[in-house]
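Chain U is already provided as a structure; the job is to place chain S on it using the hints.
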Amino acid sequence: MLPDYPDIKVQLFDNLTQALWGLVDNNAPLAARIKNYRQVEGDKFSYETIDGQLEVKEFKQIKLEAALPAGLTSSETAELAERKLSELAQKLAQQSEGLLFSTIEQAAQTSGNVVDARGMPLDPSKYWDQIERMPIDFDSAGKAELPTIIVHPDVFAELRRKILESENDPKEQKRRREVLAKKREEWRDREGNRKLVG
Amino acid sequence: MIERVIENWLDNVNERGYETAFCQALTAQGHRIIRRPAHGGTEHGKDIVSRDKRGTYHAYQLKTGNLGKSEWRSIRDEVTELVEVPIHEPGVPAAQRFTPHLVANGRITDPVSHEINLRNTQWEHRGYEPLDLILKDDLFRIFVDLQGNFLPTAPQDFETFLRLYLAEKRAFLDKDAFASFLVSFLPIGKKLKKSDLSRLFAGTAILANYVLSGFQRAGNHIAVCEGWILVIAHLLRVAENAAFMTSWRQSLDLVIQSWEAAAMDLAKESTESPNWIEGEVSTDHFVFPYRQVILTGYLATVAIYKRLTTGRLAEEDQILDTINRHRGGTFWGESATPFAFAVMWFLLQRGQEQRVVDIAADLIKLIATLNHHKQPVGLPDPYYDSQAIIKQAAMGQRIFGYHQSFTGRSFSIRPLVEFLVRLGHKRLLRSLWYDITEVDYVEFVPDDSRDIYLWRIAKGMDVRRRWGRPESWVDLLERAEAKSVPTCIMITHYPQLVLPFLLVYPQRLTADLTRFIERRIRQQF
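Protein chains in written order, with my numbering: chain U, 1 to 198; chain S, 1001 to 1525.
With the rest of the complex left out, here is chain U (with noise of 0.2 Å):
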């Protein structure tokens, strides 16, 4: 064989792994966002659910596969690799956050959490019924954590405007601010209980 260094190419694959992660964050913001845990052992994992129900789920494969041709030379294979890790990457944000969506939108069913808009617009108003149907989070310095909202780019900007002129409606703040009142006392409550009784 031609001479080599496999020990090097290891800790340089090591290294191209974790720029393919950094690319499918690129193209899966939301995704990246989230914390991975490795479980190291099984075939399936549970968790408890905030109403005390024990979930059990199994793995979910996502899986990708690309060749890089012999009889190359070492610049075209280096240029092909660098391609096909982008062409990877895209690959994966899709799958990984298809994946995200696909769960998110199942446990939205089973929890009931789903509202359908019917085809209207986008209304910011619609946006309080949904943050009043889900547990919601405040800070050390008492400020709501809120969910983030995740729509089309082509609705952006009309969801934008919308949203920028409800910040001036009253009749939208009163509903804001009271909506955030009850889930300010629900978040109380469920503090408060974080506690050792009997």
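Wrong hints could be hidden among the right ones.
Once the Cα atoms are required to be at most 27 Å apart in a straight line, the calculated DSSO-like pairs of lysine-lysine come out as [as the list claims (entries may be wrong)]:
{"#": "1", "chain 1": "U", "residue 1": "Lys143", "chain 2": "S", "residue 2": "Lys1365"}
{"#": "2", "chain 1": "S", "residue 1": "Lys1190", "chain 2": "S", "residue 2": "Lys1459"}
{"#": "3", "chain 1": "S", "residue 1": "Lys1365", "chain 2": "U", "residue 2": "Lys57"}
{"#": "4", "chain 1": "S", "residue 1": "Lys1426", "chain 2": "U", "residue 2": "Lys195"}
{"#": "5", "chain 1": "U", "residue 1": "Lys183", "chain 2": "S", "residue 2": "Lys1374"}
{"#": "6", "chain 1": "S", "residue 1": "Lys1426", "chain 2": "U", "residue 2": "Lys35"}
{"#": "7", "chain 1": "U", "residue 1": "Lys35", "chain 2": "S", "residue 2": "Lys1191"}
{"#": "8", "chain 1": "S", "residue 1": "Lys1374", "chain 2": "U", "residue 2": "Lys35"}
{"#": "9", "chain 1": "S", "residue 1": "Lys1136", "chain 2": "U", "residue 2": "Lys9"}
{"#": "10", "chain 1": "S", "residue 1": "Lys1391", "chain 2": "U", "residue 2": "Lys44"}
A few chain S residues that face chain U, going by a derived Cβ cut-off under 7 Å, partial list only [to be verified]:
{"#": "11", "residue": "Arg1430"}
{"#": "12", "residue": "Ser1431"}
{"#": "13", "residue": "Arg1464"}
Under 8 Å between C-beta atoms, here's a sample of chain S residues computed to sit facing chain U [stated by the list, open to error]:
{"#": "14", "residue": "Trp1072"}
{"#": "15", "residue": "Arg1073"}
{"#": "16", "residue": "Glu1269"}
{"#": "17", "residue": "Tyr1402"}
{"#": "18", "residue": "Gln1404"}
{"#": "19", "residue": "Trp1433"}
{"#": "20", "residue": "Arg1465"}
{"#": "21", "residue": "Pro1470"}
{"#": "22", "residue": "Trp1473"}
Hints are computed from structural coordinates only; laboratory data are not their basis.
C-beta: ideal position from N, C-alpha, C; glycine also.
Chain S only, in chain U's frame:
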């Protein structure tokens, strides 16, 4: 190829290193081992005493290397004692005839052979059995024949074996590789014939002995302890499917004795070492706090183990002093929890409850702080050992995966909380409770409870639970005092091994097992 490894091993091993393998070979031939050095030194020239299937008694003296004239002169008196002094062991009739054997992993020179022949004639005239010689070629044949058809034959398995055999002997044992090597040839989960079991257990122990004797020769007691626990655990997994306990029990007991010997050596060296510094001095301070946790944990484990088996160790006060001198250390992650528990259990029995409560409360606070969901990474779970953490902390190596985190959950928090519950520290727990609820408790539950002996389990579930909101002290107390324990041979027949097992398998530490150990300790101290 394996024959060359065995030959190489025989050339390099000392008598202590091949003694376990030799006892295992005798067991596989149907001998009952009555005495071995683990039972306490050589007596009247006899390292090992056994009784074979036909009821004949045998006494063995083990030596290292070739026997030339000068070596023979230095051992001649001992060999004479071996031949002439009767076996003096419980259960052996007085003046019982026996066959004396001189065992050496080298060869013998002609003049020595000639002298032994002459002496044998004299001994026979005087009514003694003649001395039998078991030399390197005989040992080689015994070991090769015994292992027969389950030696590593697949190239990958053999490569793993060689890697383990040739590993750096001052380092930790590569537990991943050693466990996968054991799994590669053991018939785990399969029914076995009674006749195969004894050979399988003995053969496995001998294969393990090839790997571990190098560590033993280097005085690397931790590696030897960890290796024997892995062997014990995997053999117990095989035993779970075998109903014939009598056929393998002696073989397993020999392995357990080997673990005991290594653990006692470690305890001796630890209590005698003035400062616990080892190897290259200039960089030792990076690893010293990790070593402190391991050594205090092992010392406490040895003291507890002895209390659970033969009774209080004569050196127990010395162990206590040493542990008291070495307060501190780095709690590098959840694989350190069993070491902390060992120390806490030992100190508790030695009347240091307040210190124990402080340690447990500090660990709970540490976990609740580091594994708060707003932290980026958190405290590594039990799947990361001290070496991995040192590589990351002191050498900047990337150990964790991309975006990997341990926050929001912990394997140790429930056993620690329940420990304080059993001690009745309600007020203390109340003060910690808000932070505790930040961290869910996790446990890995295998589909088949008999798989707990395996290093990695394919079928099973990671179970994550939230604390009650609010949590009731009555419910907590009920859970902490529950009677449930996993049903397996280790629990029913070898309860003293559960703590040593957890030091090597921190991923198996659960609320049930900690409760079980605690109850056993309370009964025995």
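message = Next item in the hint list is Trp1072 (chain S). Is there a CB on chain U closer than 8 Å to its CB?
response = violated, 50 Å
Given hint Lys1191 (chain S) paired with Lys35 (chain U) - CA-CA distance at most 27 Å = violated, 43 Å
query = Taking only the CA atoms, is the gap from Lys1426 (chain S) to Lys35 (chain U) under or equal to 27 Å?
reply = violated, 34 Å
query = Regarding the hint that Arg1430 (chain S) lies at the interface with chain U, is the smallest CB-CB distance below 7 Å?
reply = Interface hint status for Arg1430 (chain S): holds (5 Å vs cutoff 7 Å).
ask   = Would the stated hint for Arg1465 (chain S) survive a check requiring a Cβ distance to chain U of less than 8 Å?
value = With a closest approach of 5 Å, the Arg1465 (chain S) hint holds.
inquiry  = Holds or violated: the hint that Arg1464 (chain S) contacts chain U, with Cβ atoms closer than 7 Å.
reply    = Check passed: Cβ of Arg1464 (chain S) comes within 4 Å of chain U, closer than 7 Å.
query = Within 27 Å, alpha carbon to alpha carbon, are Lys183 (chain U) and Lys1374 (chain S)?
reply = Answer holds: Lys183 (chain U) to Lys1374 (chain S) is near 21 Å, not above 27 Å.
inquiry  = Holds or violated: the hint that Trp1473 (chain S) contacts chain U, with Cβ atoms closer than 8 Å.
reply    = The hint holds - Trp1473 (chain S) has a Cβ within 8 Å of chain U, the shortest such distance being about 4 Å.
inquiry  = The hint names Gln1404 (chain S) as touching chain U; please verify it with the least Cβ-Cβ distance against 8 Å.
reply    = Holds - the Cβ of Gln1404 (chain S) comes within 8 Å of chain U, reaching about 5 Å at its closest.
Restraint check, 8 Å cut-off on beta carbons, for Arg1073 (chain S) near chain U = violated, 52 Å
inquiry  = Would the hint linking Lys1374 (chain S) and Lys35 (chain U) be met if the CA-CA limit is 27 Å?
reply    = holds, 11 Å
ask   = Was the hint right that Trp1433 (chain S) lines chain U, CB cutoff 8 Å?
value = holds, 4 Å
In this structure, the earlier hints numbered 3, 6, 7, 9, 10, 12, 14, 15, 16 are contradicted, and the remaining ones agree with it.
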